[in-house]
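Asker: Protein chains in written order, with the working numbering: chain A, 1 to 113; chain B, 1 to 112.
No wet-lab data here; the hints were simulated from the structure.
Certain hints may be false.
[As the list claims (entries may be wrong)] So, partial list: chain B residues that the calculated Cβ filter (under 8 Å) puts toward chain A:
| id | residue |
| --- | --- |
| 1 | Ala29 |
| 2 | Phe39 |
| 3 | Ala45 |
| 4 | Phe62 |
| 5 | Ser93 |
| 6 | Gln98 |
| 7 | Asn99 |
| 8 | Gly103 |
| 9 | Pro104 |
Each residue gets a CB set at the ideal place from its N, CA and C atoms; glycine is no exception.
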Amino acid sequence: NAGVTQTPKFRILKIGQSMTLQCTQDMNHNYMYWYRQDPGMGLKLIYYSVGAGITDKGEVPNGYNVSRSTTEDFPLRLELAAPSQTSVYFCASSFGGAEDEQYFGPGTRLTVT
Amino acid sequence: QQQVKQSPQSLIVQKGGISIINCAYENTAFDYFPWYQQFPGKGPALLIAIRPDVSEKKEGRFTISFNKSAKQFSLHIMDSQPGDSATYFCAASAGRGQNFVFGPGTRLSVLP
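Working from the sequences, and respecting the hints, build out all of it.
Answerer: Listed below in structure tokens is the structure:
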């Protein structure tokens, strides 16, 4: 099993550009999550999904969109990138909700200039 | 009230010493408390977790101590090793179906 894979590993965007961060898991997990990690701030939940076709907002959803058309994939879309979106983005998955171990991908480091 | 506070922000320990990281919370609905370990350039990974019906859980050199009345819990790393150098996050959730709230993290450095 590859676990949770994320692409790209690094990306530099100009202000106003858009991009999609890809996330795929091969563990047949129901739950998937997107977090952002800022220095000294821990992990903040952006969006999550409890299954294909179902998504919901987390703590910091503004400026982002997600979709979940399959169990395996959970892409994160950034529209009109802003410097405040400079961060490291982690995708994670778990079989159930909280209290089931979350498996994290390696992260995407995004810089918006 | 959804916050989890974590201290210290960074910690330097000599090899063989004890590393202690503390977390505190306000939400009494929290009932599951995991610790995640993150090495540089990697995603976090579950290290150990505890529920409030026990005061202590030990797995190898790692121990969680839990004080329900004080709403505090801590991670103790015995015989700390340079390979333990990582960032440690405490987290909390309020039951199945609820999402985690993460602490801000503690960067641990264990000197050889």
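Asker: Now tell me, hint by hint, if it's right for this structure.
Answerer: Right, here's what the structure says about each hint:
Given the 8 Å rule on beta carbons, the hint for B:Ala29 is violated: about 12 Å separates it from the nearest Cβ of chain A. At about 11 Å, the closest approach between the beta carbon of B:Phe39 and any beta carbon in chain A exceeds 8 Å, and the interface hint on this residue is violated. Because the beta carbon of B:Ala45 sits about 7 Å from the nearest beta carbon in chain A, less than 8 Å, this interface hint is met. With a cut of 8 Å, the hint placing B:Phe62 at the interface with chain A is violated, because the nearest CB-to-CB distance is about 15 Å.
For B:Ser93, the interface hint holds, since its Cβ comes within 8 Å of a Cβ in chain A; the closest pair sits about 3 Å apart. Given the 8 Å rule on beta carbons, the hint for B:Gln98 holds: about 5 Å separates it from the nearest Cβ of chain A. This hint holds: B:Asn99 has a C-beta 6 Å from the nearest C-beta of chain A, less than the 8 Å allowed. Of the supplied interface hints, the one on B:Gly103 holds, with its beta-carbon coming within about 6 Å of a beta-carbon of chain A, less than 8 Å.
The interface hint given for B:Pro104 holds, since its Cβ lies 4 Å from the closest Cβ of chain A, which is under the 8 Å cut-off.
Comparing the model with each numbered hint stated earlier shows that hints 1, 2, 4 do not hold.
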